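Residue numbers (numbering that gives the first Met the number 0), protein chains in the order written: chain D, 0 to 165; chain S, 0 to 292; chain F, 0 to 659.
These are computed hints drawn from the structure, not numbers from a lab. Nothing here was measured: the structure is a model prediction, and the numbers come from that model. Some hints here could point you the wrong way.
What the hints assert, rightly or not - In silico lysine-lysine, DSBU-like type, Cα no more than 35 angstroms apart, as pairs:
id	chain 1	residue 1	chain 2	residue 2
1	F	Lys599	F	Lys502
2	F	Lys128	F	Lys371
3	S	Lys146	F	Lys395
4	F	Lys128	S	Lys146
5	S	Lys146	F	Lys377
6	S	Lys94	S	Lys146
7	F	Lys346	S	Lys159
8	F	Lys371	F	Lys255
9	S	Lys203	S	Lys133
10	F	Lys338	S	Lys212
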Amino acid sequence: MSDVGGKELRIIGFLCNWCSYGGADAAGVGRFSQPTDLRIIRMPCTGRVDPLFVLKALVSGADGVLVSGCHPRDCHYSEGNYYARRRLEVLKRLLPMLGIHEDRFHYTWVSASEGARWQQVVTRFTERIHELGPMDSLDPELAVCAIRELGGENGQADQPAPASGE
Amino acid sequence: MSDRISYAYYPGCSQTGSAIDYDMSTREVMRDLGVELNEVPDWTCCGSSPAHAIDGALSAALSARNLEQARTMGAGRLTTPCPSCLANLRTAARKLRAPLFKERVDRLLDEPYQGGVTAKSTLEVLFAEVGPEKVAARVILPLTGLKIVPYYGCLTTRLKEVMQFDSEENPVSMDALLRACGAEVPDFSFKTECCGASLAIPKKDAVVALSGKIMEMARLAGADAVAVACPLCQMNLDLRRGQINRAMGTRNDIPVFYFTQLIGLALGFAPDKLGVGKLCVNPKRVLDRIVRS
Amino acid sequence: MRIGVFVCHCGSNIAARVNCAEVAKAALNFPDVVFATDEVYMCSEPGQESIRKAIVEHRLDGVVVASCSPRMHEVTFRRTVERAGLNRYMVEMANIREHVSWIGHDKDSNTRKAIDLVRIAAAKLRRDKPLTFKTFEVVKKVLVVGGGVAGIQAALDCADAGLDVVLVERKSTIGGRMAQLDKTFPTVDCSTCVLGPKMVDAAQHTRISLMAYSEIEDVSGYVGNFTARIKRKASYVDFSKCTGCGLCTEKCPSKKTFDDFNEGVGTTTAINIPFPQAIPKKAVINPATCLKLTKGKCGACAKVCPTGAINFDMREEIVEERVGAVIAATGYDLFDHSKYEEYGGGKLPDVITSIQYERMLSASGPTGGHVKRPSDGKEPKTVVFVSCVGSRDPAKGRPYCSNFCCMYIAKQSILTKDHIPDSQSYVFYIDIRAPQKGYEEFTRRAQEEYGTRYIRGRVSKIYPEGGKLIVRGADTLLGTQVEVQADLVVLAVGVEPTPGAGKLAEKLRISTDQNGFFMESHPKLRPVETNTAGVFLAGACQGPKDIPASVAQGSAAAGKAISLLARERLEADPQVSHVNPKRCVGCMKCVRVCPFKAIKETTGRDGLPKAEVIEAMCQGCGICSVVCPQGAVQLEHFKDDQILAEVEALCRTWVAKSCE
Chain D
0 MSDVGGKELR
10 IIGFLCNWCS
20 YGGADAAGVG
30 RFSQPTDLRI
40 IRMPCTGRVD
50 PLFVLKALVS
60 GADGVLVSGC
70 HPRDCHYSEG
80 NYYARRRLEV
90 LKRLLPMLGI
100 HEDRFHYTWV
110 SASEGARWQQ
120 VVTRFTERIH
130 ELGPMDSLDP
140 ELAVCAIREL
150 GGENGQADQP
160 APASGE
Chain S
0 MSDRISYAYY
10 PGCSQTGSAI
20 DYDMSTREVM
30 RDLGVELNEV
40 PDWTCCGSSP
50 AHAIDGALSA
60 ALSARNLEQA
70 RTMGAGRLTT
80 PCPSCLANLR
90 TAARKLRAPL
100 FKERVDRLLD
110 EPYQGGVTAK
120 STLEVLFAEV
130 GPEKVAARVI
140 LPLTGLKIVP
150 YYGCLTTRLK
160 EVMQFDSEEN
170 PVSMDALLRA
180 CGAEVPDFSF
190 KTECCGASLA
200 IPKKDAVVAL
210 SGKIMEMARL
220 AGADAVAVAC
230 PLCQMNLDLR
240 RGQINRAMGT
250 RNDIPVFYFT
260 QLIGLALGFA
270 PDKLGVGKLC
280 VNPKRVLDRI
290 VRS
Chain F
0 MRIGVFVCHC
10 GSNIAARVNC
20 AEVAKAALNF
30 PDVVFATDEV
40 YMCSEPGQES
50 IRKAIVEHRL
60 DGVVVASCSP
70 RMHEVTFRRT
80 VERAGLNRYM
90 VEMANIREHV
100 SWIGHDKDSN
110 TRKAIDLVRI
120 AAAKLRRDKP
130 LTFKTFEVVK
140 KVLVVGGGVA
150 GIQAALDCAD
160 AGLDVVLVER
170 KSTIGGRMAQ
180 LDKTFPTVDC
190 STCVLGPKMV
200 DAAQHTRISL
210 MAYSEIEDVS
220 GYVGNFTARI
230 KRKASYVDFS
240 KCTGCGLCTE
250 KCPSKKTFDD
260 FNEGVGTTTA
270 INIPFPQAIP
280 KKAVINPATC
290 LKLTKGKCGA
300 CAKVCPTGAI
310 NFDMREEIVE
320 ERVGAVIAAT
330 GYDLFDHSKY
340 EEYGGGKLPD
350 VITSIQYERM
360 LSASGPTGGH
370 VKRPSDGKEP
380 KTVVFVSCVG
390 SRDPAKGRPY
400 CSNFCCMYIA
410 KQSILTKDHI
420 PDSQSYVFYI
430 DIRAPQKGYE
440 EFTRRAQEEY
450 GTRYIRGRVS
460 KIYPEGGKLI
470 VRGADTLLGT
480 QVEVQADLVV
490 LAVGVEPTPG
500 AGKLAEKLRI
510 STDQNGFFME
520 SHPKLRPVET
530 NTAGVFLAGA
540 CQGPKDIPAS
550 VAQGSAAAGK
560 AISLLARERL
570 EADPQVSHVN
580 PKRCVGCMKC
590 VRVCPFKAIK
600 ETTGRDGLPK
610 AEVIEAMCQG
620 CGICSVVCPQ
630 GAVQLEHFKD
640 DQILAEVEAL
650 CRTWVAKSCE
């Protein structure tokens, strides 16, 4: 199975380097075939995942976003995934208010040894997104407002943020 | 009874013939313990072993129809005393989860299978829902002093994935119910051995050897009686006792009861209400001891 | 910026399912990409050389390598670009093997996906900056957790190399599982005689500080600078006074204590020294059965102790140790066979485990080396060994092979014949696994010289009949059912992680595999390292292992620790967080969330409170970045703008495509 139902959809994954990224590697090493819709972005820890990244992806054209980190208590940095869990849970509840189906976003835990589980997570999530179909385009004004409301001026990524150089 | 439990009841063919005593005792005991049994209208044979040996879809269709009949009664749950019927009902329900298989089965049925009815053994209902405590509370004539060996047979708890009840190697549900009736239940390592089942017809020797071994182990365990939960097991251990004794040169005269009969006796039912008179190996000695105590 | 993209075929691993040339061609259209090529093996010498050449020829500032996982070769390619004169952090990888070619079957979809992954990497690289690392001092001391043969070997090697070692053992003596064994395969030499001298060496080595009857409470810090808090459990015996004379154990009236060392074969006293060669040879009181501690009466041991070592008021204490590296060598535990109801569920007295049998065979064991049936004390004439009890059995949740059972079964069957010459042993097996030096010959000796009958098949049932145990199983070579009338059945119980392994993994911040064993960094190339720098693995805690393999791994882990701590200073990973003081409003949220206390409050040039990252302590998780309301704390190479650029790069193409 390469795509689910023919047409590829647009899914972004934010994966913790220490566990789920390795789990995805393990799935590869084990040749556990998966749908090809997902594009993985490597993160140092799910604690680094700003809910705004997820939102940014969903308002800019992604049909689904998946975040995966270490199982609770297994965080390489002791507590990053706990922060992630709280932030992402809140985010999940906020999505419908923006007119985004909450099922378009999913967070889960996959360890570096769980290649088979990763295959399952990807397959199920991809199927779910295909059931929901491509995202209707959001009202761009509403989306921009939403991002502002959520307090992220640093959510503007078009020009490299001034944070680095000055 | 304040909290009545209600089930659709699927007796299965054996319970209308050779194992009518199982049916009688099941109905009496369940009624007494507050379980309402409503017989599934116009039920058919589950197909037993021949059906699924010939055609999986046909076998599933038979069970699917029986489950659907229960559903139209408005019942979400069904119980049957026979482990073989139960295995067919539960296997069919499991296999029907696959859309392609369901399509094949639906073609054989008048109405498509909708599902949603769970099938459980009478043993499971008594153990898990009624519970040994409630049984113990209603015992009038305790089976005190009787050593009863529980024999589950192969199918009662197997396949594990299908039955999802008790341990597949060392089940304990019948043990607990018999203990609740006041009986002494010794360790028995042949609880789940095969009695030979339907091989009795094509290969009698095998059945006689297997059933004979079970009865011999029961004797070594010091059994006054054996309790079973399967009509076919009962038949092999009880009806064929003469053949067994002749072939093995033994004189084993341990009676083989349905566990529901033993519970019924403890609950104070008259033996003829439980069909005890239908047993081949004379149970008189056991009955005498219950009354005496 | 001038970016070069290098797409690897990985032989056919990638090229069979991804059109690499097309990926390279597409990459040329990405912003700042001035060069792109594909190559058969990017990690090979010619592959790396082509990267180096391209950097020089095309004056590249950064490189994207599209190949395998960065967890595999990021370090390799960092070195490559460094050799070409670039900063080593100016390389990004696109994982088009594990995440693309190995999991997708459709070449077109795969190629599209690979192009997208390169796109992400290039977008991120455009915002990467050269990073320079700082160095920090290391503590030249190693913590070894577990005093079995692997831990002892690791401790001795480290100490011999001049490092100080803290060897922590949970039990009152070191020696571990090996100390429980009677003989070892394939030489059949005495286990304690081989191990004993090593235990003495470990105890007497001036650089090794031995902490028996102690456990790890927690571990903080980072490579080169860990702080371990170690709990000394209350033994109720002052180890500095106890001479190990054993007088107390003779007088103790509480004789029904479970004998841990002898695996419950026989009982022991509440105050106890596990075995004569114990190191340290100190008595320990079991508070659960000691009459003084449970009922307040007795105190016999205190009365007879010639040195006054008994102290009923002893409490556990915490000791802190600073170390530069940690070696976990916590060994294994054995499968609880009561889960096999068909083998009696642990209720048949004459069905015992292999380790119990080992204690019975041992001359210093509870039966004095006489093999006796637990039920009636009689000498068994027929002994049946059942292999793979809790191994290779997915139905029992133990899918893996326990590695060494085949060998010790052969050994125990040989020893059975030695102890009882008129005995007959049977072995039920699935496969005989004897791949190491001398192993195959050994199992053949058991069969040919000692007459052990090997039956290929699993045992389906064990039941008692007439004072014997009937072992019923399949003989798959004859295609028949077999029954053996046995006097004693020995179950070769499988290996499983120690009960505390999961907890220790959390404390050390390492992972466990699907079976609960500690996970190595790479199954082939980094077998003793973990994904946490400075933490190494030795012995069966990483997976079932026999003695030679455990010793080898103990030395290997020591070697890794030694090479790590041979340096005076270590390079700190510069991918850490930094605070932009101009943006910082001094809310100190980052200070509160940092799990490593790596951010502190200071005063800025403007006199206002500011946060500041202590670089040596920052581990690079980025939790701080997310809480900062101003985006002032940024994690190098994982800055907000970089991650958003990755998202943006993908979304922009997607949107553009859908408009076509």
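Structure-based check of each hint:
For the suggested pair F:Lys599 and F:Lys502, the alpha carbons sit about 30 angstroms apart, so the restraint of at most 35 angstroms is met. Distance check on the hinted pair: F:Lys128 and F:Lys371 sit about 73 angstroms apart at the alpha-carbon level, beyond 35 angstroms; violated. Annotation: proposed proximity of S:Lys146 to F:Lys395 holds, straight-line Cα distance about 33 angstroms (limit 35 angstroms). The straight-line distance between the Cα atoms of F:Lys128 and S:Lys146 is roughly 83 angstroms, outside the 35 angstroms bound, and the hint therefore fails.
For the suggested pair S:Lys146 and F:Lys377, the alpha carbons sit about 30 angstroms apart, so the restraint of at most 35 angstroms is met. With a C-alpha separation of about 41 angstroms, the suggested pairing of S:Lys94 with S:Lys146 is violated against the 35 angstroms cut-off. Annotation: proposed proximity of F:Lys346 to S:Lys159 holds, straight-line Cα distance about 22 angstroms (limit 35 angstroms). Distance check on the hinted pair: F:Lys371 and F:Lys255 sit about 20 angstroms apart at the alpha-carbon level, within 35 angstroms; holds.
With a C-alpha separation of about 41 angstroms, the suggested pairing of S:Lys203 with S:Lys133 is violated against the 35 angstroms cut-off. Of the supplied pair hints, the one linking F:Lys338 and S:Lys212 holds, its CA atoms being roughly 26 angstroms apart against a limit of 35 angstroms.
When the structure is compared with the earlier hints, violations turn up for hints 2, 4, 6 and 9 and for no others.
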